[in-house]
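Novice: Protein chains in written order, with full-length UniProt numbering: chain A, 1 to 492; chain B, 1 to 178; chain C, 1 to 330.
One or more of the hints may lead you astray.
Claimed, not checked - Heads up, incomplete: computed chain C residues facing chain B, CB under 7 Å, no partners named:
(1) 67
(2) 71
(3) 90
Unchecked claim - Chain B residues, not near chain C, derived (Cβ > 10 Å throughout):
(4) 30
(5) 50
(6) 74
(7) 81
(8) 104
(9) 127
(10) 134
These aren't lab readings, by the way, just hints derived from the structure by calculation. Even glycine gets a Cβ: it sits at the ideal position worked out from N, Cα and C.
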Amino acid sequence: MENISEVLTLFLSIDNFMAIAAGVLIGVVVGAIPGLTATMAVALALPFTFSMEPVTAILLLVGIYKGGMYGGSITAILIRTPGSPAAACTLLDGYPMAQQGQAKKALKTALYSSVVADLISNVALIFFAAYLAKIALNFGPPEYFWLICFSLTIIVSVSGNSAIKGLIAAGLGIIISTIGLDAVYGTQRLTFDNYNLMDRVSFIPLLIGLFAIPEVIDFYTSRVAPHIRTAVSGASLTWKEFKGSLKTVIRGSVIGVIIGAIPGTGATSAAFISYSEAKRTSPRKDNFGKGEVEGVAAAEAGNNGVAGATLIPLLSLGIPGDVITAIILGAFMIHGLTPGPVLFQENLPLVYALFCGILVSSFVLVFVGNAAIRYFSIIADIPKTILLPIVLMFCIYGAYAVNNSTFDIGLMLAFGVLGFLFNRTGVAAAPFLIGFILGPMFEDNLRRTLLISKGDPTIFFRGPIAWVFIMLTVASVAFAFRRYWIARREQA
Amino acid sequence: MELSDDQSTHTANDEYGRLNPNSLLGGLFFVVSLVFLFYVIPNYINLPPYMQHPLLSPRFLPQLAGWLVLILAFVLMVNGLLYPPKREEADELRQGVPVLRQVLMLAAGAIYAVFFEQFGAIGSGIFASVLLFMASGLKSAWIYVLAVLFPVVVSLLFIHVLNVPLPVGTLWEALLQF
Amino acid sequence: MIELFGLRLKRSVLGAVTAVSLACGGLAQAEEWPDDNIRLVVPYSAGGTTDLLSRKVADLLQRELSTVVVENRPGAGSTVATGQLARGGRGSDHMLLMASPGHTIGASLYPNLRYDPVADFAFIRNVINIPNVMVVPASSPYNTVAEFVEAAREQQLSFSSPGIGSSIHMSGELFKNLTKTQLVHVPFRGSGEALPALLAGDVDVAFENMPTVYPHIQSGKLKALAVTTPQESEFLPGVPTMQQAGAGYGLEDYETSAWFGLIAHKSFPESGLEKLELALEKIMSGDDFQNFLPQFGAVAGEEVGEDFRAMVKSELAKWSEVAEQANLKR
């Protein structure tokens with residue numbers, strides 16, 4: 001009883017609620033602006049939290065994190081400009097929906113899937129943290145290796161019309177990802193002695209270039225088409241439709257939670273795995289990629305399911321799983337708190353006050369998200385002749401801001417041209433992105449495994465977790481081939 | 001329909017010939033990956049003097065990806081030659097686009113890519129937006145006011161609210177010094 | 001922009017001048033520096049340790065001087081931003097850079113740098129020092145540095161790092177050189193990824209920053225064998241220094257730590273240097289800074305001006321040699 005009142009005194013303050021609301025709002029807005037990521041927003045907000053109460057400070061940062069996770073989907077759906085990397089998956093079905101005049105439905109689907117996934121993720125954080133943290137600790141390089149192999153099998157399902165072209169794009173993405181200094185030996189790979197390429201190709205310029213810029217180029221290399229109102233005033237999401245996707249949302253959330261609990265994997269993989277799973281099991285699988293509600297739901301659920309779960313290794317082990325949680329770890333330390341088992345022993349009321357705040361943030365997301373949809377969706381009614389130059393400007397500023405480098409602007413435009421050529425030749429851009437993200441992870445973990453085992457390959461089969469992912473990989477590949485043969489036979 | 005359904009029922013008129021986008025694309029990727037595998041990798045990926053295991057080589061993943069592209073490009077090329085794909089409706093919209101429209105777009109891109117530092121965020125934003133509005137043949141004056149207003153407001157937002165520095169423009173700085 | 005903010009600019013100048021004149025206890029010879037916002041360049045991306053510490057320092061510094069804007073300019077192990085600073089140009093009289101071991105390590109790893117990491121800069125002050133700790137998993141059979149070295153001479157053991165060329169990696173390479181052992185380097189991407197492998201015993205040892213491993217030492221999941229500074233750390237009482245524990249194994253001169261200090265372009269205005277030194281002196285003796293340090297297992301940096309330059313110079317010599325021997329020079 002004493003503890004409960006202590007938790008409540010820590011949690012029930014106007015400051016905390018303001019921090020959550022402000023955080024989610026900042027996150028949604030910044031997340032929606034192409035090039036500005038939640039990571040950046042959290043880093044920029046950090047100095048302002050120095051003088052706050054610890055709970056308030058951390059809730060503000062967590063709020064930004066969660067808002068940013070969702071905010072990225074808004075511009076992905078409306079203008080094919082993913083505000084955050086994970087939103088690249090939302091765009092696969094969200095943007096076609098917007099083009100068909102279903103922007104409002106897509107946005108609402110994204111919002112409610114995000115909120116449900118966020119809630120599930122938070123519940124997992126509160127009740128299963130200790131258990132999931134144990135799994136995370138058993139995830140060594142060999143286990144990661146198989147997880148990445150499994151993730152790579154999703155390329156086929158996001159390849160659009162042609163799996164061959166999709167796999168080629170993935171291969172190209174992997175090649176681009178190897179630019180930079182070699183992670184083990186430090187030798188130069190494909191840098192052509194250019195300093196700007198030594199730290200690998202920056203992710204945000206590649207992301208915006210690949211998806212947003214081709215829309216701009218395409219517009220100016222086509223005749224002016226009459227402005228189609230994307231009708232935000234159009235049909236909204238009905239409960240029945242959302243109920244139809246609920247199973248997908250829950251599955252996506254669970255995928256997100258598991259991926260999120262393992263440090264270093266990330267929301268983008270979770271979104272794509274969830275999407276691919278949904279596509280595999282959906283009765284409307286042929287509609288995926290063409291504007292399918294369930295596709296948007298799956299992507300956003302996977303993406304947001306990660307948010308709460310990344311706090312699991314942070315709070316229970318003191319291990320940050322990504323850059324944002326690393327900054328949040330910094331915020332803890334600045335306030336004299338050390339996440340990890342010690343935190344639970346010494347500051348239990350504080351931990352529970354944080355949990356309360358994190359739960360509240362899910363509900364705040366509903367309100368902020370709805371407001372954001374109302375205001376941002378004005379974008380959908382602006383004629384493209386006016387909208388696209390402004391979008392381009394945002395993209396340019398955003399690409400510059402990532403590293404304060406004009407080289408990144410050039411890089412973004414180059415990837416824009418590549419994305420445009422991909423569009424014109426029917427090559428899907430998503431596999432390129434997946435190859436770019438997963439290629440280095442594949443290589444890193446393969447090499448780490450061989451380094452720690454001194455070259456002994458039996459380490460790849462060392463335990464149950466490895467075997468689970470080996471079997472998932474084999475099953476996933478077998479499944480793709482089975483579908484291919486069935487399709488062939490039907491054709492013949 | 002998973003692995004290759006670009007080809008489908010044949011009807012003579014809406015099909016490409018042997019020289020269709022797929023066979024060309026396949027051919028292009030084939031050549032590119034050959035160059036990559038046998039020229040770029042040996043010349044631009046240095047090997048360390050000592051490696052614990054052949055799979056640890058910095059060339060391993062690029063080679064793997066290169067071979068993947070090479071083989072699939074070959075499949076795509078053969079596939080394109082055997083089953084020419086159909087023409088798309090969208091191609092219609094891409095015929096007869098005014099040259100000026102495309103040139104103005106390229107100019108706007110060049111301003112951002114090359115002169116961002118010189119013109120600054122605001123300057124290049126204004127120039128490029130004006131060019132792009134002209135490319136769409138917009139005539140009303142208020143639109144051009146927007147082209148000035150937006151870069152100014154957005155840059156100020158980036159710099160002062162979001163605390164993200166953007167370049168002022170070395171050209172203007174040089175002018176101010178005189 | 002310059003004209004648009006003329007008004008705001010003047011006010012901040014006034015504010016700064018008053019603040020400084022107060023700080024100098026009425027000495028106030030209304031010097032013109034700083035007559036613009038101060039820019040603090042962080043040569044790494046937002047969110048890292050350098051970024052976090054820089055933002056704290058910026059926050060404290062702007063209470064003493066004018067507004068301090070933090071800019072992240074990551075690239076090629078901090079050498080991109082450092083090269084830009086070295087070139088100077090307009091605005092460099094208000095530009096500071098948070099240098100860290102990457103300043104000297106980067107210079108010893110990257111080819112054809114177009115600057116001299118010692119001669120081309122003004123060295124203001126080393127602000128923060130974070131010791132590294134040699135840690136092994138709790139399940140490890142080794143309890144002392146001596147046991148570890150003996151074992152490492154018999155068999156191949158491995159050490160983790162958050163990435164090639166990081167000070168943590170180089171600390172390991174230095175250890176390897178001095179003890180004549182064949183440790184295998186297993187690089188990760190960031191300490192967040194490296195730590196689980198260490199905790200699970202997949203790698204045998206790490207030379208990590210104190211704040212990263214401190215909670216795990218406390219909870220008993222990691223064993224601290226030694227600290228890498230010449231003095232024991234007050235945060236880890238009873239843990240010997242590497243120089244003591246490794247005596248007889250070639251580690252008598254072993255010393256590494258993560259230092260974070262402010263540098264500027266070599267033609268930085270003299271008055272600015274003086275004001276910065278005074279302001280740093282003041283904030284570093286203040287409660288805010290003193291309370292901040294323990295959170296990172298850190299101690300205040302001591303080297304000012306030319307002492308700082310000398311320290312960087314000796315660091316550079318040390319890392320160049322390590323890079324040479326570990327075949328990391330590219």
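Novice: Against each hint, give a clear statement of whether it holds in the structure.
Specialist: Verification of the supplied hints:
1. 67: violated (10 Å)
2. 71: Holds, about 5 Å.
3. 90: Constraint on residue 90/C satisfied, holds at 6 Å.
4. 30: holds (33 Å)
5. 50: At about 7 Å from chain C, residue 50/B fails to clear the 10 Å cut-off, so the statement is violated.
6. 74: Holds, since 35 Å exceeds 10 Å.
7. 81: holds (43 Å)
8. 104: holds (27 Å)
9. 127: For residue 127/B, whose nearest Cβ neighbour in chain C is about 16 Å away, the distance exceeds 10 Å, so it holds.
10. 134: holds (26 Å)
Checked against the numbered hints given earlier, this structure breaks hints 1 and 5; the rest are met.
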